[in-house]
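Chemist: Chains as they are written, first to last, in the numbering used here: chain A, 1 to 759; chain B, 1001 to 1152.
What the hints contain is simulated information worked out from the structure, not anything from laboratory work. Please read all numbers here as calculations on a predicted model, not as lab measurements. Beta carbons: idealized from backbone N, C-alpha and C, even for Gly. Do not rely on the hints blindly, as some may be mistaken.
Unchecked claim - Covered stretches of chain B, as calculated for chain A (at least 3 residues, CB under 8 Å): (1) 1022-1031; (2) 1037-1049; (3) 1052-1059; (4) 1064-1078; (5) 1084-1094; (6) 1108-1119.
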Amino acid sequence: MIPKLPFLKSKDPEDKSKVFIPSRRDFLKISSLATGGFLLGVNFQCSGPKGNTITFAPNVYLSIDSDNLVTIIAHRSEMGTGIRTSLPMIVADELGADWTKVKIVQAEGDEEKYGDQNTDGSYSVRMFYEPMRRAGATARHMLLAAAAQKWGVDVSECRAEDGQVIHSGGKKIKFGDLVEIVRELEMPNADNITLKDFSSYKLIGKDVAIYDNLDIAIGKATFGADIDLPNMQVAIVKRSPVIGAKVISYNDAKALAIPGVNRVVKIEGSGIPPGLDKPLEGVAVIADNTWAAMKGRDALEIEWDLGPNQNYSSEKQLQEMLQSTSGNGKVRRERGNFNSARQQAGQVIEKTYLAPFYAHATMEPPTAMADYKGDGTCEIWAPTQHPQWARQAVAEALGIDYQNVKMNVTLLGGGFGRKSKPDFVVEAALLSKAAKSPVRVQWTREDDLHHDFYHAQSAQRIRAVLDKNGNLSGWNHHTVFPAIGATGNSDELHPSDGELGLGCIDFPYEVPHIRIETHESKAHTRIGWLRSVSNIHHSFAVNCMLDEVAEIKGVDPVDFLLGMLAEDKNLTFEGELKGDFGNYGEPLDKFPWNTRRLRGVIEKVAKEANWKQAIASGKSVGFAVQKSFLTYVACIVEVEKGNNGQILIPEVHYAVDCGIGVNTDRIRSQFEGGAQFAASLVLTSAITFENGKVQQNNFDGYELIRMPQAPKKTHIHLVESMEKPTGVGEPPVPPFIPAMCNAIYKLTGKRIYRLPYNG
Amino acid sequence: MEKFTLIINGKKQQVEVEPDMPLLWVLRDILSLKGTKYGCGQALCGACTVLLDDEAIRSCTFPVSEVGSQKITTVEGLSKDANHPIQKAWVEHVVPQCGYCQTGQIMNAAALLKRNPKPSEAEIESAMAGNLCRCGTYNRIKEAILTASKSY
């Protein structure tokens, strides 16, 4: 099974890593199936009569019952972004449904039916804004036609509103009362479907509360760990402490002596490379309840062959990586001739930047329930971002057809990329098969921090050349970090084009000589993707460097960047890249890289945050701008010292151009939360390895910011736009990091060259 | 295994478990009260917060044998019809993102308002510092507590 990561799309023929195979074409193939009801004029009724109700189901996302229940399918995973609300509300708005009465049902993992379900890369709204509108609009057209037929009036005299069709003469009929007629109608031709005018939307572009709002507040929302099945057992697994470690032998006598422990099962691990969808080697204790399983695991005696990574030190590797950046690397982008610019330089500024491994630390640690049945079928309940991949990985591990795996998707207690990977789901399936009963595998916090797919640590070196007139004439960026691809293929020694397209090779400024180089590094752990991926370290280095260059030039950093954007244009990087530019899986003609929009957010944030006055009054404010996931974001962070000398963040301003805003409340919440997420990356969090083992065990070692350290006020200034909507899950993170570092510099007088900042 | 009689959400419940079993697992695994969440097992994140009489405790490290006759309140028992001021304020401010930590946040906030009905922003920050939220809903949590405090 090939994981789909449109944000890392690459056409580079040399890029053989499984991770980066393009998925766009696959999606189009699948989505034409999923919405095929419209395209082919086929009215596939999902359900027949149930009791006395009959159902109109014009497509896989929507059904209307004769008792007036409107059900909309949420086919993408809810991990906190609000997508389970934001896509269904698009359908409801076009349909003219009464939103307060709509029922939302979470789809099973089934991409043949629903289209792309890989909830990742901030692309749910981008990919499904149009299909969801069409899904609702088609049903509306049919309901209007049904009402017109019933009343013997012209369809143009009818409109749909609040769950009913209304005639201009005042007659009204509920959607449910039209089901019998509308079921018999032909699907309209897609060309005849008109979408509503934006100004007439009642939900799109407004603040809409999340569907699960109340359930969460009363403790009734169902997450992965909340699934109970009759005769279920709980498994806790002792996993290989070092990547590639193998169990030589184990003694389970003491574990089995603990009351409630029923069975001990070895899990065969993938070894090296560890893979993105395979479990780690381990020994599982299966018990009646979680506590017994935890105690059982503590009592296991395991002899490990620790393998080739047993001497791995992340600090030692980081220093070697840093050293490597002083030499020549593999050139990934070249404009002009950097070396000649350097030779004719008035001044060369050279700085290095280090960032650590980060863990996702979702508040809900990985967990999944599996019920393997003797007949070769398996039912799963899992908090997964990528249900189809999980389904395929389970099928492969069990040696059954994926059609025989039913993948129920629960709410996710956080995702951030961790729960894209199905390793924990596969564990549950294998253990259920071994135990011949339903088994829920529960990761402890220690498991989560010790066995994550980490954001890679990185070393970067940037040389900025000022010519004799003081203009920035050369930019030489070296970046080195273990690639995501190395988790599946140990020979991947350079970051992929996809990873470089995230804030590195897409350097947008008018500098005549640019040279971007990468260096080799090996992965000694599982590398994954964390909210905004390599934008995290790239934005840190690039934007901190730009701030420093502006200071050396003696100009305001906002003015400096505006000046370097020169005239408005669409960037293509053509002729300069040695590989492919992924553009987050979208063609540049559809989603251009537009410098006018970047300029727009810079100007907006400077104005809204009163940047010039803040500087003049001596406030410690920092600025940065970073386009990521096709969304343009500029950020200004203010910091101050608390009573104990700790860094406090009184205020954050974001200017955001994400095209059309669908659910404006959830856009704001992503930025409020993104600022806090990024503040942890700056201030508190780091994963380190010694002797191949992660050194942080729990939230005392891997710290996240807490309420006193969190930004006190976060203001989000949305650019009003009718451009196609893009995503907002990840884009808050990249610009915040350097903006905060630049602000801390104003406060302390010390530049930050290594994350996390520790005073 | 030992028998314990617990008063949970106003109801007497008998359980037979190992005496060292943390209250969290008694609630979740034995009594199927799933609103209280596991986050760290070390009293570091607050996801498992419940009330013991009026005090917020971390149920993940609190052995069932130490509960005695004290009354336990979980999120399921905080109010009838979701009408606790804290819950109403949470809904009004649309506080949750993923929602996983929120029941612990709500129980901790309920305990705070019980002992300090009109907390300042600084007092809220310090009282809520033990409850982590990875999604970053701290601003709205604070606003919701300030809103709820108006009905105290």
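Chemist: Now, for every hint given, state plainly whether the structure supports it.
Modeler: Hint by hint, here is what the structure shows:
Only when three residues or more bring their CB closer than 8 Å to a CB of chain A does the claim for the stretch 1022-1031 of chain B stand; here the count is 5, and the claim holds. Interface restraint, the stretch 1037-1049 of chain B with chain A: holds (9 residues with C-beta to C-beta distance below 8 Å; minimum three). Beta-carbon proximity to chain A at under 8 Å applies to 0 residues in the stretch 1052-1059 of chain B; the threshold of 3 is not reached and the given coverage is violated. With 4 residues carrying a beta carbon less than 8 Å from a beta carbon of chain A, the stretch 1064-1078 of chain B meets the three-residue requirement, and the given coverage holds.
Given as covered by chain A, the stretch 1084-1094 of chain B passes the check, having 4 residues with a CB less than 8 Å from a CB of that chain where 3 are the minimum. Figure legend: the stretch 1108-1119 of chain B, annotated as covered by chain A; annotation inconsistent (0 residues with Cβ-Cβ distances under 8 Å, at least 3 required).
In summary, the structure is inconsistent with hints 3 and 6 from the numbered list given earlier, while agreeing with the others.
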